[in-house]
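Asker: Chain by chain, the residues run as shown.
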Amino acid sequence: MDFVMPDFRLAAPELFVAAMSLVILMVTSFAKSRARSAAFWLCEFTLLAAVFLTLFSGTVDRAQTFSGMYISDLLGGFLKAVVCLSVAVVLQYGRAYMADRKIDSPEYYILVLFAALGMMVLISASHFVSIYLGLELMSLALYALVAIDRDNPRSTEAGMKYFVLGALASGLLLYGMSMLYGATGSLQIHEISQRIYERSANDMVVVFGLVFVLVGIAFKLGVVPFHMWVPDVYHGAPTAVTLLVSSAPKIAAFAMAFRILVLGLFDLAEQWQMMLMLLAVGSIVLGNLAAVAQTNIKRMLAYSGISHMGFMLLGLMSGVVKGEGGTYAVNAYSSAMFYAVAYVMMTLAAFGMVILLSRAGFEAENVDDFKGLNQRSPWFAGMMLIVMFSMAGIPFFVGFFAKLSVLQAVVAAGNVSGQALYYWLAGLAVLMSAVGAYYYLRVVKVMYFDDAVDTSPLTATLGTRTLLSANALSIAAVGLLPNWLMQICAFTLLH
Amino acid sequence: MDFTLFLFYAFAAVLLGASVGVIASRNSVHSALFLVLAFFNAAAIWMLLRAEFLAIALILVYVGAVMVLFLFVVMMLDINVERIRQGFWSYLPLGLIVAAILFIEMALVVGGKWAGLDAMPMPAEPAAGYSNTKALAWLMFTDFAYPFELASFVLLVAMIAAVALTLRARAGNKAIDPAAQIAVKASDRLRIVSLPAEKSN
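In the order they appear, the protein sequences are chains A and B. Residue numbers in the first sequence follow our numbering, run continuously in steps of one, and reach 495 at the last position. Residue numbers in the second sequence follow our numbering, run continuously in steps of one, and reach 201 at the last position.
These are computed hints drawn from the structure, not numbers from a lab. Yeah, the Cβ is synthetic: ideal placement off N, Cα and C, and Gly gets one too. Among the hints, a few may not be true.
[To be verified] Using C-beta positions, here's what the derived DEER-type ranges look like:
id : chain 1 : residue 1 : chain 2 : residue 2 : range
1  : B       : A124      : A       : A420      : 54 to 62 Å
2  : B       : A124      : A       : F8        : 31 to 39 Å
3  : B       : A13       : A       : L15       : 46 to 54 Å
4  : B       : S25       : A       : A63       : 51 to 59 Å
5  : A       : W41       : B       : A162      : 55 to 63 Å
6  : B       : I56       : A       : Y181      : 33 to 41 Å
7  : A       : L263      : B       : L49       : 32 to 40 Å
8  : A       : F8        : B       : D78       : 50 to 58 Å
9  : B       : D188      : A       : L168      : 57 to 65 Å
10 : A       : A420      : B       : A57       : 52 to 60 Å
11 : A       : W41       : B       : G87       : 53 to 61 Å
12 : A       : S417      : B       : L69       : 55 to 63 Å
Please work from the sequences and hints to get the whole structure.
Answerer: Set out below in structure tokens:
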């Protein structure tokens, strides 16, 4: 039996986060009164150090280790850095919120760190076993976090729903993986792609497996018709946890979708392209229409998230025309990746604002709670304005360029294939974005044109205020200069 | 019919009987015990397939640990069997249809060209002294070391989550802090009052 010792340096970020999570577990067990702040600062340190490690220790060339289960490439390195950074931001935003509600136990911080570890493993996984374990590590930590406000029935209900539906989705994903394994005889993504290519015929079993794998991915992204959990979980979970669930896992799910569908099952592109198209259209239509009717801002943002994920899938599916990829394919995938990163920036700022308005004993969760924000704090009303305009896709914010690049990719696919279907898709997406603008602008309207009902001052700490302002301003800044981020996305995908 | 085949049919028959017993017995403790018997026979069949490590793991983990816990839970729950059995006959046709569909599907898959007996020939006879356990351990600690360690992290998260969601300091808890108890001084507990001696006349 030949066994090569794995190159541990390639997986340095994961190993570091895993080791630190155990260290933090020990430290918080013994640091009694200071356990909470120790856990917070150590987690922040770990995540920021992991950002540094992923950016500076990764290899430029694609390299595999751990017997082909772990892949180190620029795509993974960049996405992991985004994930770690956004989780670090989540912890800072949520710290005071969790402390006010007395649910900031050290376990909260440790579970968040484990969820981040799961996402990192998932992003760098190139083997079905490591994909599944990364996904479970992430999801299990998230289920527990959603239910962490255990005396609140809504939180436990949301946790239970998320757990049961998530377990079902994991089961479907596993079933699909076992089908693919049965048909190809391998669990390694590159080998699977090789086997499917060699056989060149569309086996029933492979397509059968593809359907189940796709359902699992769609559930994790939260797209129609596998979106049922999204509004309830976003609504029921403590807002700081909603912030986490809505941001970084989407990046991890994008990486999983990209690795399985594009790298592993590219020869089935004709099949999964149609499925992704249906998922995307359903999500964009239902997400935008349902969000109009919401009065609860957490539910509204949940439906808006569904429509955003639909948009991202639109980018992912337009990289292939008639089963062939071309030069424009990189543009399509990078538009989807740009969309995912832009969405994370926007959702962090949006839920950050919801947290900013909450305080001890008061939960800001209705659109009406934003009434007259301009009178209370003109600065943060301006920040929320940026976020809402960006989510609506109004130029020149990052959300506009994200939507624009996805639409460009769809139209390019239409030009190459000559099918009118793609133009209809682009038209529908634009129309639904216009519907979506209504509910984003409604928030802006209540902030500026309604009188404040609640005139108490904002209680957030200086650190949170600075970070939230920086977050919102970065949305505007990247919107003015979107090219560098687009180039990073395209560059990491090319390697 | 050689002896191995005879053993296989014997174990398989007991396994099926025990499985029917799990769902048919009226007492839920008996059901759990039937399940133990079913696991035992499944382990014996694995042993016949030369998967001795899996067989022993099944007995140690499922029979030894999981089923004991299961029995505890079953004994603690107060289940009204009659209420559960209500509607058995009305659900029976639907159940039979589902079972038939499952059976047909399995027959199609097993009989199909992907998973038929032709697609899976008998593995070659292993050499003398071949250890199934050693082969598994080799794989687990070399090629699959990464997922093996990840699985341990998943279990750790499950443990932390279970503690975080259920452990609570109850109101009115009378537990004492040992450090405070040791540090106590006599003056904290005992007040010495000097009383003037009473005069006896």
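Asker: Take the hints in turn and mark each one as holding or not.
Answerer: These are the hints, each one checked on the structure:
Roughly 58 Å separates the CB atoms of B:A124 and A:A420, a value that falls within the hinted 54 to 62 Å. Taking 31 to 39 Å as the suggested C-beta distance range, the pair B:A124 and A:F8 conforms, at roughly 36 Å. Checking the proposed 46 to 54 Å range against B:A13 and A:L15 shows it holds: the Cβ atoms sit about 51 Å from each other. In this structure, B:S25 and A:A63 meet the distance hint of 51 to 59 Å, their C-beta atoms being roughly 57 Å apart.
At about 26 Å, the beta-carbon gap between A:W41 and B:A162 misses the expected band of 55 to 63 Å. As the Cβ distance of B:I56 to A:Y181 is approximately 26 Å, the hint placing it in 33 to 41 Å is violated. With their beta carbons about 36 Å apart, A:L263 and B:L49 fall inside the hinted range of 32 to 40 Å. Between A:F8 and B:D78 the C-beta distance comes to about 54 Å, which sits within the given range of 50 to 58 Å.
Between B:D188 and A:L168, the C-beta spacing of about 58 Å keeps the proposed range 57 to 65 Å intact. One distance hint, 52 to 60 Å for the beta-carbon pair A:A420 and B:A57, holds here, with the actual separation near 59 Å. In this structure the hint that A:W41 and B:G87 lie 53 to 61 Å apart at CB holds, the actual value being about 58 Å. A hinted range of 55 to 63 Å holds for the C-beta pair A:S417 and B:L69, which are about 58 Å apart.
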